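Engineer: The listed protein sequences derive, respectively, from chains E and G. For reference, each letter of the first sequence is one residue, going 1 to 223 in the working numbering. For reference, each letter of the second sequence is one residue, going 1 to 232 in the working numbering.
Keep in mind that the hints were calculated from the coordinates and are not lab data. Computed from a predicted structure; not experimentally measured. Please note that a few of the clues may not be correct.
Pairs of lysine-lysine, DSSO-like flavour, derived with a Cα cap of 27 Å [stated by the list, open to error]:
hint : chain 1 : residue 1 : chain 2 : residue 2
1    : G       : Lys113    : G       : Lys217
2    : E       : Lys115    : E       : Lys191
3    : G       : Lys83     : E       : Lys70
4    : G       : Lys105    : E       : Lys70
5    : G       : Lys167    : G       : Lys113
6    : G       : Lys217    : G       : Lys112
If you want the footprint, here are the derived chain G segments under chain E, 3+ residues with CB under 8 Å [what the hints assert, rightly or not]:
hint : region
7    : 72 to 80
8    : 96 to 106
9    : 195 to 205
Positions of the beta carbon are idealized from the N, C-alpha and C atoms, including for glycine.
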Amino acid sequence: MIDHSLVELMLMHYAAGHLRPTEALLVACHVALNPLARRKLESFEAIGAKMICECPDEETAPVSQDCFDKVLSRIEAPAAPAPAHTPMQRDTAIPPAVMNLLCGNCTERRIRWQKLPSGVEAVSLHVPAGSPCRHRLRLLRLSPHQETPAHSHAGREITLVLQGGFSDHSGDYRAGDLIVIDDPAFAHAPKAGPQGCLCLTLTDAPLRFRQASIRIFNFFWRF
Amino acid sequence: MTALCPALAPRMPESLAFRPLARLKLLMAQSTQHETAKPQAAGKPQTPPHDALLAAVGARQDRDAFRTLFEYYAPRLKSYLLKNGANDALAEEIVQNTFVTIWEKAAQYDPKKAAASTWIFTIARNRRIDALRREKYVEIDSDNPALERAATEAPDDAYADTATVEKLHAAIDALPEDQAKLLRMAFFEDKTHQAISDETRIPLGTVKSRLRLALEKLRGGLYTRKKAEEGK
């Protein structure tokens with residue numbers, strides 16, 4: 001089954017600063033798109049703050065004498081020019097942080113979608129440094145009402161719906177929803193909604209397709 | 001292992017794993033004792049002093065207020081950084097970076113949206129990640145047009161106001177001690193569920209179910225109550 005408390009655990013670990021860059025990216029985008037997730041995250045951040053404020057006096061770690069002076073000298077130094085503000089792409093559902101990870105052969109205007117044997121269009125993203133090498137980050141696109149072949153997951157799959165939505169037997173998912181699947185026994189056949197579906201997925205193992213003809217492709221294409 | 005146990009996956013290097021249990025017990029005991037002495041926990045309507053101080057830094061670059069905040073938070077943040085695996089020199093560097101950022105961004109601080117402690121904590125967290133990873137933590141991009149959309153759809157974005165923070169604190173304080181302790185270990189000290197299980201000698205399955213219970217109680221104490229109020 002899809003365990004929805006896994007999403008909350010991810011929010012908690014994001015709040016504490018313990019996620020890897022790939023996971024942090026998905027959570028940050030999830031929170032940007034989903035007001036309820038944002039409120040939950042703020043609650044977890046308030047918990048972190050409470051833990052810091054409640055640190056007993058004898059456990060605090062005194063900073064060196066000149067620490068505050070060093071801060072003062074830095075804020076008095078002439079300010080470095082602010083980094084150039086990157087223009088927003090208002091006409092795309094892809095968050096800027098994700099656009100930055102598009103590989104070199106994709107221009108910002110034109111993403112080179114690759115058709116996978118399952119019928120899904122995909123584009124691989126650059127995996128930020130500091131993430132495990134088995135992490136794969138991809139954008140996936142389904143046309144309206146498109147069905148995908150039934151599959152299960154050898155590892156963990158985290159999906160953020162960026163636009164449109166999809167359904168499977170476990171429920172309907174819309175833009176802003178984060179779905180964490182971490183159960184090798186869970187199999188589903190997602191079907192895109194009437195507006196199609198654009199999502200960002202993070203996987204750490206290939207999918208397992210049930211249909212034999214597609215299974216063969218698994219040898220050549222790492223899903 | 002990771003595939004079977006979801007919550008183990010979003011983890012930091014194992015080298016950050018161990019801290020004595022005695023410290024936690026002390027922290028737990030102290031946290032309840034100190035509750036009444038804390039100025040923020042007292043009267044309801046008054047603005048917590050840290051919020052006002054931070055607002056003063058933002059409004060008129062008030063150095064005295066800045067110094068007061070530094071004196072309170074720097075040793076606490078450093079303690080948090082040391083507990084999360086930084087060495088002394090790195091912890092000091094991150095504290096400095098945190099306060100430089102606080103100074104630079106203080107004008108953006110809005111006491112209606114967040115408690116100063118929460119705002120400062122998130123900055124320290126992000127600076128810690130920057131220092132450890134040499135790669136920026138993906139922060140929530142407030143320039144993201146999608147976020148604007150989300151904000152307008154939100155029925156009430158004043159969730160992290162003082163009253164709610166108090167409510168949240170009450171919800172945490174109401175947690176049974178065993179759950180609160182595990183939450184602290186998993187959340188604050190970045191321990192894997194396995195490490196918590198080894199240290200507390202509580203079976204792994206129990207650790208997970210208690211953490212889940214703790215999260216459910218926090219959720220029950222916050223989101224549902226909030227909804228009930230909205231419904232009135």
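Engineer: For each hint, tell me whether it holds in the structure or not.
Structural biologist: Tested hints:
Annotation: proposed proximity of Lys113 of chain G to Lys217 of chain G holds, straight-line Cα distance about 24 Å (limit 27 Å). Taken as a hint, the Lys115 of chain E and Lys191 of chain E pair is honoured in the structure, with Cα atoms around 17 Å apart against an allowance of 27 Å. As the CA atoms of Lys83 of chain G and Lys70 of chain E are separated by approximately 23 Å, the hinted pair is consistent with the 27 Å bound. Among the hinted pairs, Lys105 of chain G with Lys70 of chain E is consistent with the structure: their alpha-carbon atoms are about 18 Å apart, no more than 27 Å.
Annotation: proposed proximity of Lys167 of chain G to Lys113 of chain G holds, straight-line Cα distance about 15 Å (limit 27 Å). For the hint pairing Lys217 of chain G with Lys112 of chain G, the CA-to-CA distance comes to about 26 Å; that is within 27 Å, so the pair holds. With 8 residues bearing a CB less than 8 Å from a CB of chain E, the region 72 to 80 of chain G meets the requirement of three and the coverage assertion stands. Closer than 8 Å: that is the beta-carbon criterion, and the region 96 to 106 of chain G has 5 residues meeting it against chain E, so the requirement of 3 holds.
Figure legend: the region 195 to 205 of chain G, annotated as covered by chain E; annotation inconsistent (0 residues with Cβ-Cβ distances under 8 Å, at least 3 required).
Hint violations for this structure: number 9 only, all remaining hints satisfied.
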